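Student: In case you want the letters, here they are:
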Amino acid sequence: MAISSYRVIPGPESYLSPAAASMGVVLPEKGEALIEGKIVPEEEAIEKITEKLILAKNPFFFPGPLILWAWNEKAIAKAKAVKELAEAAGAKIIPMPDYRPKYPMINPEEEINPNHPNLTIWHNKIDTCVFVGVHCHYANLALKIIRGGTDCYTIALCGQAGHEDAMITLRDIHSEEVQKLTEVVKRAKGGTPQ
Amino acid sequence: MKKNIATISPGFEDIMPEEYQDLVNDGPYGRGLGIKNLGTFKELIEEHPLCAGCGLALAIRLTAASLPAPEDTIIVGTTGCNSILMPQLAIHNIHSLFGNQSSLAAGLKRALKLRYPDKNKDVVVMAGDGGIADIGLSPTLHTWLRRENLTTIMLDNESYSNTGGQESGMSCEGAVLNMAPTGKKFPKIPMPEIAKDSGCAYVATVSVANARRLGRMVKRAILVAREIGPTYLQIFVPCPTNYKFSTSETLKRAKEREKIMEYISSEAEKLIKEANI
Ligand SMILES: Cc1ncc(C[n+]2csc(CCOP(=O)(O)OP(=O)(O)O)c2C)c(N)n1
Ligand code: SF4
Ligand SMILES: [Mg+2]
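Residue numbers (the working numbering), protein chains in the order written: chain L, 1 to 194; chain H, 195 to 471.
The following block holds chain L by itself, in its conformation from the complex (with noise of 0.2 Å):
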């Protein structure tokens, strides 16, 4: 398959930004990632992501209904341990509950909406934001937005293949991968913050 030239970089890119996709960008294999549409070993993606939390000066997360809503106890353990890592990391959280297409506003500080999700980000300047527990399509659907509109870096831990939109992904992330990561951003971060 031929190698695509296509960037997945913080934008403003344009009104409607291509879906990675449609521009030759494929999911990563098991074991790997993605960066900025480039396939890579997961241990490198890891690394920039840990390097990319820690330089962002307001990083968001933003868990969607997969994480959020107690399905089961996988889905508990998840939103655990992503409330532990959005801790180690210094960010904040704000949550997308559903994907109902809430017009005429939302509040902005309180929630994201993938229909509009440049107007959290915009709102609250988020230079970096990580998607976690969103379902695939409304995931790259808002991360399009977000390149499209805003110059925000995103990353998306996926519990499936990963997601092409965003500018770094990691795929097959359950609790334990989240709990890893948590480990490497501590360490990174130079011990136990306090």
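It is worth saying that the hints were derived from the structure and are not from the lab.
Note that the coordinates shown come from a computational prediction; the quantities given were computed from them, not determined experimentally.
Keep in mind that a hint or two might mislead.
Below, in silico cross-link-like pairs of lysine to aspartate or glutamate (EDC-like), each with a Cα-Cα straight-line distance of 20 Å or less [claimed, not checked]:
(1) H/Lys413 - H/Glu237
(2) L/Lys92 - H/Glu212
(3) L/Lys102 - H/Glu452
(4) L/Lys180 - H/Asp266
(5) L/Lys186 - L/Glu87
(6) L/Lys102 - H/Glu237
(7) H/Lys382 - H/Glu452
(8) H/Lys236 - L/Asp98
Fit chain H with the ligands to the supplied structure of chain L, relying on the hints for placement.
Tutor: Structure of chain H with the ligands alone, referenced to chain L:
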């Protein structure tokens, strides 16, 4: 007692917006509530972008408050003013291609019966007069003729309101609208009669001004569709924007033109009596 329908993952309770906390703690799921309880629980609609004084918006609000099992209801809508509000309900709903709502709903209901043989799932078609009686008339009729277990609720504003006011088959003869300046040339389609002749076990008409009766009719229509066969409820929902009247007059107009009618098959009659609704 309230069923444990939705629980927020531990640690995230305070992070969730108030609307969701209220829905979890005080929503109507599993509680068998209705119109008379309005004002005492968190409704399924928080806000909407439809015009001030919109009769259709009020009808959706009243219908949502009357669903016998909101947690197990899927509403299938289609293009029109209703479709701008419907996705904001805190309830499962699907938007279909304009006019395709009954076909989609029939497939969905059949699939749900196979997937959850021991559980009831109410599938409710809720759409405009243009969607149901004009472009979607054929699928509507065929679900009735095939005796599908569906409830069809028409939000009858007697026009294509969302596209700026064209006449619909449900507009009255002589109706003048922005895009029907010389007046409609033929009478309103007799949908209730058609529904009855096509096999609906319960057919009713009401207006949005009659909240309690509307609520009871919604409950009856859904219960009969669940147990017996197709049902049809036609709600008159005046549209101030296209019929050019003051937004404060919606209920007055609804009352003036309201036609209350209820056809109940003998089988449905028995069921309604047993359920005491
Ligand atoms: C297939 C198709 N044909 C036409 C349209 C244009 N269209 C959008 S809304 C509408 C009229 C809707 O009328 P009604 O069902 O009565 O709903 P209302 O807006 O009055 O609530 C039409 C014709 C469309 N969206 N799709
Ligand atoms: S145009 Fe009419 S039916 Fe549509 S939202 Fe406005 S008042 Fe309601
Ligand atoms: Mg209409």
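Student: Each hint: holds or not?
Tutor: For each hint, the structure was consulted:
no.: 1; hint: H/Lys413 - H/Glu237; result: holds, 17 Å
no.: 2; hint: L/Lys92 - H/Glu212; result: holds, 18 Å
no.: 3; hint: L/Lys102 - H/Glu452; result: violated, 32 Å
no.: 4; hint: L/Lys180 - H/Asp266; result: violated, 39 Å
no.: 5; hint: L/Lys186 - L/Glu87; result: holds, 10 Å
no.: 6; hint: L/Lys102 - H/Glu237; result: holds, 15 Å
no.: 7; hint: H/Lys382 - H/Glu452; result: holds, 14 Å
no.: 8; hint: H/Lys236 - L/Asp98; result: holds, 17 Å
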